[in-house]
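Protein chains: 2
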Amino acid sequence: MGKMRQVLAGETIAVPPIWIMRQAGRYLPEYRKVRKQAGSFLDLCYNPELASEVTLQPIRRFDFDAAILFSDILVIPDALGQQVDFEEGRGPVLGPLDLESLDKAAVRSHLAPVFETVTRVRAGLAGDKALLGFCGAPWTVATYMIAGHGTPDQGPARRSALGDPDRFQVLIDLLVDASVDYLLGQLEAGADAVQIFDTWAGILDEEQFQRWAVDPVRRIVDRLRAVRPQTPVIAFAKGAGVRIGDYATATGANCVGVDWSVPPAMACDLVDDSIAIQGNMDPMRLIVGGEALDRGVDRVLEAFAGRPHIFNLGHGITPDTPIEHVERLVARVRGREGN
Amino acid sequence: MGKMRQVLAGETIAVPPIWIMRQAGRYLPEYRKVRKQAGSFLDLCYNPELASEVTLQPIRRFDFDAAILFSDILVIPDALGQQVDFEEGRGPVLGPLDLESLDKAAVRSHLAPVFETVTRVRAGLAGDKALLGFCGAPWTVATYMIAGHGTPDQGPARRSALGDPDRFQVLIDLLVDASVDYLLGQLEAGADAVQIFDTWAGILDEEQFQRWAVDPVRRIVDRLRAVRPQTPVIAFAKGAGVRIGDYATATGANCVGVDWSVPPAMACDLVDDSIAIQGNMDPMRLIVGGEALDRGVDRVLEAFAGRPHIFNLGHGITPDTPIEHVERLVARVRGREGN
Numbered sequence: 064m065g066k067m068r069q070v071l072a073g074e075t076i077a078v079p080p081i082w083i084m085r086q087a088g089r090y091l092p093e094y095r096k097v098r099k100q101a102g103s104f105l106d107l108c109y110n111p112e113l114a115s116e117v118t119l120q121p122i123r124r125f126d127f128d129a130a131i132l133f134s135d136i137l138v139i140p141d142a143l144g145q146q147v148d149f150e151e152g153r154g155p156v157l158g159p160l161d162l163e164s165l166d167k168a169a170v171r172s173h174l175a176p177v178f179e180t181v182t183r184v185r186a187g188l189a190g191d192k193a194l195l196g197f198c199g200a201p202w203t204v205a206t207y208m209i210a211g212h213g214t215p216d217q218g219p220a221r222r223s224a225l226g227d228p229d230r231f232q233v234l235i236d237l238l239v240d241a242s243v244d245y246l247l248g249q250l251e252a253g254a255d256a257v258q259i260f261d262t263w264a265g266i267l268d269e270e271q272f273q274r275w276a277v278d279p280v281r282r283i284v285d286r287l288r289a290v291r292p293q294t295p296v297i298a299f300a301k302g303a304g305v306r307i308g309d310y311a312t313a314t315g316a317n318c319v320g321v322d323w324s325v326p327p328a329m330a331c332d333l334v335d336d337s338i339a340i341q342g343n344m345d346p347m348r349l350i351v352g353g354e355a356l357d358r359g360v361d362r363v364l365e366a367f368a369g370r371p372h373i374f375n376l377g378h379g380i381t382p383d384t385p386i387e388h389v390e391r392l393v394a395r396v397r398g399r400e401g402n
Numbered sequence: 064m065g066k067m068r069q070v071l072a073g074e075t076i077a078v079p080p081i082w083i084m085r086q087a088g089r090y091l092p093e094y095r096k097v098r099k100q101a102g103s104f105l106d107l108c109y110n111p112e113l114a115s116e117v118t119l120q121p122i123r124r125f126d127f128d129a130a131i132l133f134s135d136i137l138v139i140p141d142a143l144g145q146q147v148d149f150e151e152g153r154g155p156v157l158g159p160l161d162l163e164s165l166d167k168a169a170v171r172s173h174l175a176p177v178f179e180t181v182t183r184v185r186a187g188l189a190g191d192k193a194l195l196g197f198c199g200a201p202w203t204v205a206t207y208m209i210a211g212h213g214t215p216d217q218g219p220a221r222r223s224a225l226g227d228p229d230r231f232q233v234l235i236d237l238l239v240d241a242s243v244d245y246l247l248g249q250l251e252a253g254a255d256a257v258q259i260f261d262t263w264a265g266i267l268d269e270e271q272f273q274r275w276a277v278d279p280v281r282r283i284v285d286r287l288r289a290v291r292p293q294t295p296v297i298a299f300a301k302g303a304g305v306r307i308g309d310y311a312t313a314t315g316a317n318c319v320g321v322d323w324s325v326p327p328a329m330a331c332d333l334v335d336d337s338i339a340i341q342g343n344m345d346p347m348r349l350i351v352g353g354e355a356l357d358r359g360v361d362r363v364l365e366a367f368a369g370r371p372h373i374f375n376l377g378h379g380i381t382p383d384t385p386i387e388h389v390e391r392l393v394a395r396v397r398g399r400e401g402n
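Chains A and B are the protein sequences, given in the same order.
Mapping of the first sequence onto this note's numbering: position 59 corresponds to residue 122, and the numbering continues sequentially without gaps.
Mapping of the second sequence onto this note's numbering: position 35 corresponds to residue 98, and the numbering continues sequentially without gaps.
Hints in this document: simulated from the structure, not taken from any laboratory.
This structure is a prediction, so every number in the text was calculated from the model and none was measured.
Please note that a few of the clues may not be correct.
From the derived model, a few chain B residues whose C-beta atoms are all more than 10 Å from chain A [unchecked claim]:
| id | residue |
| --- | --- |
| 1 | 73 |
| 2 | 156 |
| 3 | 162 |
| 4 | 183 |
| 5 | 265 |
| 6 | 271 |
| 7 | 324 |
| 8 | 329 |
| 9 | 344 |
| 10 | 353 |
| 11 | 362 |
To be clear about the criterion: a stretch of chain A counts as covered by chain B if any three or more of its residues have a C-beta under 8 Å from a C-beta of chain B, and this derived list gives those stretches [as the list claims (entries may be wrong)]:
| id | region |
| --- | --- |
| 12 | 214-228 |
| 13 | 262-268 |
| 14 | 300-306 |
| 15 | 318-330 |
| 16 | 339-351 |
| 17 | 355-366 |
Positions of the beta carbon are idealized from the N, C-alpha and C atoms, including for glycine.
Model the full assembly from the supplied sequences, consistent with the hints where possible.
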């Protein structure tokens with residue numbers, strides 16, 4: 064998997080590998096075309112032919128260094144038996160959470176189509192490109208399972224976690240088990256590395272962050288490594304902020320994603336040099352383009368030069384991003400190739 | 064203004080002063096009663112009799128060490144001539160922004176009722192209680208003026224700021240002028256100190272944070288001090304995270320507010336000892352109560368003991384907070400009184 068393997072192993076290379084969170088998505092006309100052929104959004108996630116196609120689209124178009132499996136963090140509650148729907152323009156809507164009825168034995172069989180997608184993508188991907196599997200971190204997945212939908216501050220889950228931590232721990236433990244099964248299935252099917260997305264980690268205070276964001280991810284990493292010792296793991300705790308260095312070390316990740324609220328030089332100070340950093344340009348710079356984009360790219364490249372770095376945005380690319388700006392980004396990052 | 068004065072002057076005292084952001088608000092039955100008597104929300108902001116009453120309510124009930132003027136950050140665009148409405152359950156809705164039509168000469172006369180509120184509150188407040196004036200920081204106010212309403216990530220303003228920085232600077236400069244006029248009016252009317260709220264600072268990357276969050280606030284502080292050299296200023300940049308120390312020093316504030324995503328020990332490391340820290344308990348702990356509340360209070364008190372500290376939440380109190388929990392909080396913070 065080429066450059067990605069090198070950087071995830073802790074090497075510093077002159078031109079960092081680049082991929083973009085949510086790179087297979089609505090900003091691409093070829094994605095929108097396939098999306099129309101699928102029924103629901105979950106149908107697309109569970110259709111190996113179409114899901115592998117959309118996973119590969121951004122690689123063909125932009126020659127990114129990594130493909131990331133097209134899936135969704137909410138396939139886990141779906142596999143556990145909670146109702147999950149994606150409504151146009153409204154985002155995910157989940158049915159009531161009945162903790163006792165969730166069935167973790169069903170996870171691997173329910174998600175078999177996703178593993179087939181992974182195998183198809185790996186077969187269609189050049190050897191120097193990495194295939195990233197992924198899952199949502201237990202905390203973030205739990206926030207949706209409890210609220211039933213996205214909220215401005217995931218208050219319902221924060222309230223449960225503080226008010227009835229023993230019961231909340233049961234849910235988190237179940238999600239740790241399910242996540243391990245899901246990620247191992249992806250790795251066995253051909254994923255080269257995995258990323259664990261904790262979009263809502265930043266909303267937790269110190270004590271809660273340790274218990275619900277750090278500990279579950281550390282347990283997942285430990286269990287993956289017990290089965291597959293060389294598995295590279297990228298952990299992305301959005302909003303970790305000043306806690307990013309401790310998070311990186313405590314989870315045992317090979318690489319941590321950093322959002323754009325952390326100045327790159329500070330991320331370098333906080334994160335141990337042996338751990339790669341992935342990030343962290345403001346996605347808005349990619350929407351705006353021009354000078355704002357060029358300056359953003361240069362600042363990120365300069366700040367992370369001399370340490371293991373994977374170029375990425377600080378969060379996902381949005382549907383309103385012009386394709387030419389993505390082309391300009393890739394060219395600028397690679398402009399130094401051979402220098 | 065008692066303890067607040069001491070801490071804002073850089074003193075460390077055994078039992079920190081306490082107040083709560085948004086302490087005059089919907090969680091109080093006496094507030095809801097007055098709210099019904101006023102017409103619109105802005106009518107309440109501009110009614111000195113009712114606004115001074117709701118400002119004083121939480122002091123009577125909880126004996127907080129500071130009252131904060133009841134007003135809203137959007138009185139500034141209203142005073143400048145942009146249409147501002149508060150719709151039940153929907154939040155603020157602003158009319159189209161026409162930069163050329165905004166009239167900063169109207170700010171002081173338009174906001175005269177607010178200054179009268181300040182005078183009334185100061186007259187009704189004991190000498191050992193501080194009266195805090197406030198305004199929204201130019202960046203945060205601009206995000207609403209541009210989007211016309213709240214958004215999940217204030218994308219419209221971020222886009223304007225990156226895409227047309229010269230024009231965005233005109234708006235920010237206007238807001239700096241209006242904020243200085245507004246805060247000076249409050250100080251002349253009897254406010255003891257002022258807080259500048261930058262709720263959306265955390266969404267900015269390093270370069271943009273410096274230009275739109277740090278610089279305008281530093282200019283406001285400088286101009287207030289040029290007229291009133293001893294004015295204590297509290298600056299609250301939510302989401303500043305790892306940047307909180309530099310923000311504190313660069314703005315020249317006497318005190319910085321810190322949200323709950325920053326572990327208190329790290330806030331102590333980052334912020335110069337001469338600058339007070341205000342914060343930073345997760346408001347959810349106040350909703351949940353019990354053990355979660357007690358532990359949260361104790362952790363904050365212990366971490367900030369030995370440096371200038373004002374006890375507060377990491378953001379505003381929410382309407383679903385039980386009043387008994389606020390009583391428990393105050394008792395616990397003050398439990399050490401005399402120790």
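For each hint, the structure was consulted:
no., hint, in the structure
1, 73, "23 Å, holds"
2, 156, "17 Å, holds"
3, 162, "19 Å, holds"
4, 183, "34 Å, holds"
5, 265, "5 Å, violated"
6, 271, "7 Å, violated"
7, 324, "5 Å, violated"
8, 329, "5 Å, violated"
9, 344, "8 Å, violated"
10, 353, "8 Å, violated"
11, 362, "7 Å, violated"
12, 214-228, "holds (count 6)"
13, 262-268, "holds (count 4)"
14, 300-306, "holds (count 4)"
15, 318-330, "holds (count 6)"
16, 339-351, "holds (count 6)"
17, 355-366, "holds (count 4)"
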